[in-house]
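These protein sequences, in sequence, are chains B and A.
With the numbering used here applied, the first sequence covers 1 to 99.
With the numbering used here applied, the second sequence covers 1 to 143.
These aren't lab readings, by the way, just hints derived from the structure by calculation.
Beta carbons are placed, not taken as given, at the ideal position from N, Cα and C, and that holds for glycine.
Some clues are possibly wrong.
Claimed, not checked - Computed spacing ranges between beta-carbons, pair by pair: (1) B:R7 x A:D74: 54 to 62 Å; (2) B:G16 x A:L12: 21 to 29 Å; (3) A:E104 x B:R93: 21 to 29 Å; (4) B:K40 x A:A127: 44 to 52 Å; (5) B:K40 x A:I3: 51 to 59 Å; (6) B:R28 x A:A27: 28 to 36 Å; (7) A:R121 x B:D31: 32 to 40 Å; (8) A:A123 x B:R5: 45 to 53 Å; (9) B:R7 x A:Q31: 49 to 57 Å; (10) B:R7 x A:N33: 46 to 54 Å; (11) B:K6 x A:I91: 44 to 52 Å.
Stated by the list, open to error - Rough simulated footprint, nothing fancy, chain A against chain B, three-plus residues with beta-carbon under 8 Å: (12) 10-20; (13) 47-59; (14) 80-88.
To be verified - The calculated DSBU-like cross-link candidates involving lysine-lysine, where the alpha carbons are at most 35 Å apart (straight line), are: (15) B:K40 x A:K105; (16) B:K77 x B:K6; (17) B:K6 x A:K105; (18) B:K77 x B:K40; (19) B:K40 x B:K6; (20) A:K105 x B:K77; (21) A:K105 x A:K86.
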Amino acid sequence: MEHERKRDTVTARVTGELDHYSAQTVRRELDALIAEPGVKRLVLDLRDMTFMDSSGIGVILGRYRTMRERGGSVAVKNMNPQVERVFTLSGMRQVIQTL
Amino acid sequence: MEIINQMQLEFLSLPENEGFARVAVSAFAVQLNPTLDVLADLKTAVSEAVTNAIVHGYENEIGRVMVGAALRDDGVLEVSVTDTGKGIADIPRAMQPFFTTQPEKERSGMGFSVMQTFMDRVAVESAPGQGTTVRMEKRLREK
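Using the sequences and the accompanying hints, generate a full structural model.
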């Protein structure tokens, strides 16, 4: 997974389709990124994500809980309309910042 | 209303088949020339129903998932997703937003809510030990 670290923020580019099948791999890769020392903020860049269902919501919420426990945060940016619709329907806008 | 075209898929309850199922139903629906937004809604709802069959219907076992689609002459697509797995004891509860039997696996509990929002009609038939059928309808084009 492509990613970029700037100070305490890691930006990860999640690509392709995020469903139940791919969720385990994406979860493992994101957990490795946020486990690095000093990471306080995770930004998910979804510009190349072509599809997401509610399994993806579970992945994002899981990372949100991890970051919140350590006083950090999660933000999401560049959602396509399909991804944004699932994101909004799930009430994620109340807890996850969109950039 | 008459059925003008119909298809049926059957595949093993492997997560690898979630993408196949939603793309296949979407490709079948294209013949009525729906908008991209309508196709995206359809793909998302089918993905949720098939994932439920795999994750909840069969849990850790391998079973068979049947997906049917029928186009009606009024421009509506009927979709059914069936498993012969463990079934649902309390359907209204299972359909509540954020209800999940697997919070430790980071299931969001939003599957049925997504189906209900993205499709025009969703009905669930299920009984413990009897499996589950989810029937959905989506208008693909105006009359």
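How the hints compare with the structure:
Separation of R7 (chain B) from D74 (chain A) is about 58 Å and conforms to the stated range, judged on CB atoms against 54 to 62 Å. At about 22 Å, the CB distance of G16 (chain B) to L12 (chain A) agrees with the hint of 21 to 29 Å. For E104 (chain A) paired with R93 (chain B), a C-beta distance near 25 Å keeps the hint of 21 to 29 Å intact. Taking 44 to 52 Å as the suggested C-beta distance range, the pair K40 (chain B) and A127 (chain A) conforms, at roughly 49 Å.
Under the hint 51 to 59 Å, the C-beta atoms of K40 (chain B) and I3 (chain A), about 56 Å apart, fit the expected range. Separated by about 31 Å at the C-beta atoms, R28 (chain B) and A27 (chain A) satisfy the suggested range of 28 to 36 Å. In this structure the hint that R121 (chain A) and D31 (chain B) lie 32 to 40 Å apart at CB holds, the actual value being about 39 Å. Remark: the range hint 45 to 53 Å for A123 (chain A) to R5 (chain B) is upheld by a beta-carbon distance near 48 Å.
Under the hint 49 to 57 Å, the C-beta atoms of R7 (chain B) and Q31 (chain A), about 52 Å apart, fit the expected range. At roughly 50 Å, the beta carbons of R7 (chain B) and N33 (chain A) sit within the given window of 46 to 54 Å. One distance hint, 44 to 52 Å for the beta-carbon pair K6 (chain B) and I91 (chain A), holds here, with the actual separation near 48 Å. With 3 residues bearing a CB less than 8 Å from a CB of chain A, the region 10-20 of chain B meets the requirement of three and the coverage assertion stands.
For the region 47-59 of chain B, the proposed coverage by chain A is satisfied: 7 residues have a C-beta within less than 8 Å of a C-beta in that chain, meeting the threshold of three. Check on the region 80-88 of chain B: 4 of its residues sit with their Cβ under 8 Å from a Cβ of chain A, so the three-residue criterion for coverage holds. Taken as a hint, the K40 (chain B) and K105 (chain A) pair is honoured in the structure, with Cα atoms around 24 Å apart against an allowance of 35 Å. A threshold of 35 Å between alpha carbons decides the hint, and for K77 (chain B) with K6 (chain B) the separation of about 16 Å falls inside it, so the pair holds.
Between the alpha carbons of K6 (chain B) and K105 (chain A) the distance comes to roughly 31 Å, so the proposed pair stays at or under 35 Å and holds. A hinted pair counts as satisfied when its Cα atoms are at most 35 Å apart, and K77 (chain B) with K40 (chain B) qualifies at roughly 17 Å. Of the pairs offered as hints, the one joining K40 (chain B) and K6 (chain B) holds, with about 11 Å between alpha carbons and a cut-off of 35 Å not exceeded. The suggested pairing of K105 (chain A) with K77 (chain B) holds, with an alpha-carbon distance near 25 Å, which does not exceed 35 Å.
Straight-line distance between C-alpha atoms of K105 (chain A) and K86 (chain A) comes to about 19 Å, which keeps the hinted pair within the 35 Å bound.
Going down the numbered hints, you'll see the structure goes against none, and every one checks out.
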